Amino acid sequence: MAALTTTPTKESKVDVLIVGAGPAGYMAALWFARLGIKTKIIDKRSTQIFTGQADGLQPRVLEVFETFGFVDRAIKEVAVGYEACFYEPDENGLIRRVDKLPEGVPGISRFNGSVIHQGRIETWLSDAISEFSNGTLNVERPYLPQSLEIEAADAPTPSEYPVKVVLKKLPDDNASPEQFGHKVQNGLYRQFEGDQQNPVPGAESGDDLETVHAKYVLGCDGAHSWVRKQLGIEHKGETTDYVWGVLDIVPVTDFPDIRKRCSIHSKDGGSIMVIPREDGIVRFYIQLREGDHIATVDPAAEPTTTGEKKPATRVDRTKLTAEHILATAQKIMHPYSLEVAEMHWFTAYQIGQRVATAFQKDQRVFIAGDACHTHSPKAGQGMNVSMMDTFNLAWKLAYVVKGLAKPSILATYESERLTVAQDLIAYDLKLSRLFSSKPGEISTDEFRRVIDQGSAFTTGCTVNYQTSLLIDKPAAAEDNVTPYYSPLATKLAIGMRLPDTKLVMQSDARPWYLNQRLPSTGQFRVLVFMGDYAQTPALKAQMEAIGAYLAKPANSLSRLRADGVVQTMLIHASPQASVEWDDFPLVFRPRDERGVMDYWLVMADTPSRHEVTGNAYETYGIEKGVGAVVVVRPDGYVAKVVEPTVEGVRGVWDWLSQFVVGLTPAEV
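Residue numbers for the sequence shown, in numbering that gives the first Met the number 0: 0 to 667.
Simulated from the structure, these hints should not be mistaken for lab results.
Just so you know, these numbers come straight off a predicted model, no measurement behind them.
Wrong hints could be hidden among the right ones.
[Said to hold, decoys possible] Each computed EDC-like pair below joins lysine to aspartate or glutamate, with the alpha-carbon atoms no more than 20 Å apart: (1) Lys235 / Glu413; (2) Lys163 / Asp207; (3) Lys37 / Asp14; (4) Lys163 / Glu139; (5) Lys405 / Asp653; (6) Lys9 / Glu233; (7) Lys539 / Asp582; (8) Lys168 / Asp207; (9) Lys99 / Glu82; (10) Lys266 / Glu445; (11) Lys360 / Asp98; (12) Lys12 / Glu150; (13) Lys266 / Asp98; (14) Lys163 / Asp153; (15) Lys168 / Glu10; (16) Lys168 / Glu139; (17) Lys235 / Asp422; (18) Lys9 / Asp207; (19) Lys623 / Glu579; (20) Lys360 / Glu233; (21) Lys266 / Asp89; (22) Lys623 / Glu642; (23) Lys551 / Glu579; (24) Lys405 / Asp14; (25) Lys214 / Glu10.
Make a model of the complete structure from these sequences and hints.
This is how it looks when you write it as structure tokens:
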């Protein structure tokens, strides 16, 4: 960066500085707003994205949106995918449908993969952030970071705010995305190497500088991340010669499956992916076989044996037009017609796969999203995995900032999310190469097989976190692939997200999905599955013993509740006719300082007169005559399973004492 010519006159202190207001940055800010963390979020763009860019929402992300209270907005607006079609050339070279498959994995989630443009998603996130922060947390635009310094860990007088970042306020007119002379909105400004090397008008001035002192910094600033470069973290991988165009249009066509996700391989013209979107819009990903290229040197390329960097090519964005991309699509779609009623947005991109070699520096500055991993849009994972990066990280940062947890939990971010990024890159590499190949160069059966095998992965519901401080399962069970199940819950994988199921609220008999009762409030949930205690005297005695144990002041339960660390819930499997409200220990139906009882912590796995319920124990593989205690992390992942006894619950507290500040095994 150029040397600063003026000493910053404005200074501020924050718990967390977020650089970059894309989906990853917004998700982090959402957690921080919910948990009361003093946050500053900046972006170099003068305006929010309202058109184009990422468009897919995987089922897991929709589950997360539900826990923050705004999934209903998505459901009203998105286009939902139910079926995928595959087209290949016939003996005359004309494309025809050869197969249909379900979109995603039926039954893996209550939500299906959905599509809507990124601007709407950012709006939902922004509105929720404003609500949770009472309007105090908003993206500050346009700001450009100028320098970043991390105080040495062994500093003689450690600072409470060890990271210093100097920011520059840019003129609004100089921070709008480059449109390269096109009248139609496009995303060309962000797709290719070299963008960050171009000077931003006004950035060279030393005026309008601010020094931010932060406890932590989170870089969510995209594939060409400034934060990553300041940390000296490599972005390893390669860029291919495959170039794809993207059109968001309202089509006029006789193609029969235009409102289904389609994969089309033509004989000679290339390939297309068709993705129906909201409001009659359809997104087309179109392979460009004759795009204009210019020779360049990929700045992220690995040096050759002679020390030189490998040559690469990138697209000359000034020569790409929506008309050229459309003409290519029309050729591939033949004999079907394709015209445009409305053109909303277009772009082009060059396929590449890269993963950062580290996701943090000194456990003080972290990177997330595209700053960590880049790939093609084919699998629809970029925005989703980016949001799940910060959904994983931000609650951990909040715990440490609030003094609730030891900083050691922060190491689990990289160990958990790096594996996800590597799995994503491996899948995208295979998929994009198959997609970009001619029918004669690949087996189309193999292409469909890869799609089918990747369906579960692309839902986001199969992420499997391995043993760590926050995931308690045997190290011997680790192979990064096979889920581990406790004998007490033989269908509930430790390290994976808690699958949803429908239960009945004991107090009023209303059916609820469990996920609806586990909002993202930053709490560890201790779910006591007490089985059919009414028919099993031993279980009733265990329930009473657990209640008495948890009620003891020495257990620090009251403090953990007050601090928002733990919430205990009871889920029984006894027939409603055999159950009375007073059966349950007071710890599961506590009263507040006014004497008002909490009626929402006891649920029943029992048939409802109104809806289909009563399958939770079967869904989780828990025996009704045995029960189990399941610990769920604040981000919804199963962390530990123990027996429903005092000894089992004591084991939960022993486990928590490894990272919860002020809680020791001796207390319990």
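Hint check:
Between Lys235 and Glu413 the CA atoms are separated by roughly 16 Å; this keeps the pair inside 20 Å, and the hint holds. This hinted pair checks out: Lys163 and Asp207 have alpha carbons roughly 16 Å apart, not beyond 20 Å. With a C-alpha separation of about 5 Å, the suggested pairing of Lys37 with Asp14 holds against the 20 Å cut-off. Between the alpha carbons of Lys163 and Glu139 the distance comes to roughly 18 Å, so the proposed pair stays at or under 20 Å and holds.
At roughly 15 Å between alpha-carbon atoms, Lys405 and Asp653 fall within 20 Å of each other, so this suggested pair holds. Between the alpha carbons of Lys9 and Glu233 the distance comes to roughly 32 Å, so the proposed pair goes past 20 Å and is violated. At most 20 Å may separate the alpha-carbon atoms for a hinted pair to count; Lys539 and Asp582 meet this at roughly 9 Å. The straight-line distance between the Cα atoms of Lys168 and Asp207 is roughly 5 Å, inside the 20 Å bound, and the hint therefore holds.
Pair hint Lys99 plus Glu82 holds up; C-alpha atoms about 7 Å apart against a cutoff of 20 Å. Proposed proximity of Lys266 and Glu445 is supported: the alpha carbons are some 17 Å apart, at most 20 Å. Restraint check for Lys360 and Asp98: the C-alpha separation of about 48 Å exceeds 20 Å, so the hint is violated. Restraint check for Lys12 and Glu150: satisfied, since their Cα atoms lie roughly 15 Å apart, inside the 20 Å limit.
Between Lys266 and Asp98 the CA atoms are separated by roughly 17 Å; this keeps the pair inside 20 Å, and the hint holds. For the given pair, Lys163 sits about 16 Å from Asp153 by alpha-carbon distance, which is consistent with the 20 Å threshold. Restraint check: the Cα-Cα separation between Lys168 and Glu10 comes to about 13 Å, which is no more than 20 Å; the hinted pair holds. Restraint check: the Cα-Cα separation between Lys168 and Glu139 comes to about 9 Å, which is no more than 20 Å; the hinted pair holds.
Straight-line distance between C-alpha atoms of Lys235 and Asp422 comes to about 15 Å, which keeps the hinted pair within the 20 Å bound. This hinted pair checks out: Lys9 and Asp207 have alpha carbons roughly 8 Å apart, not beyond 20 Å. Of the pairs offered as hints, the one joining Lys623 and Glu579 holds, with about 18 Å between alpha carbons and a cut-off of 20 Å not exceeded. A distance of roughly 12 Å separates the Cα atoms of Lys360 and Glu233; the hinted pair therefore holds under the 20 Å criterion.
Taking the CA atoms of Lys266 and Asp89, the gap is near 9 Å; set against the 20 Å cutoff, the hint holds. Among the hinted pairs, Lys623 with Glu642 is consistent with the structure: their alpha-carbon atoms are about 12 Å apart, no more than 20 Å. As the CA atoms of Lys551 and Glu579 are separated by approximately 24 Å, the hinted pair breaks the 20 Å bound. At most 20 Å may separate the alpha-carbon atoms for a hinted pair to count; Lys405 and Asp14 meet this at roughly 16 Å.
Taken as a hint, the Lys214 and Glu10 pair is honoured in the structure, with Cα atoms around 14 Å apart against an allowance of 20 Å.
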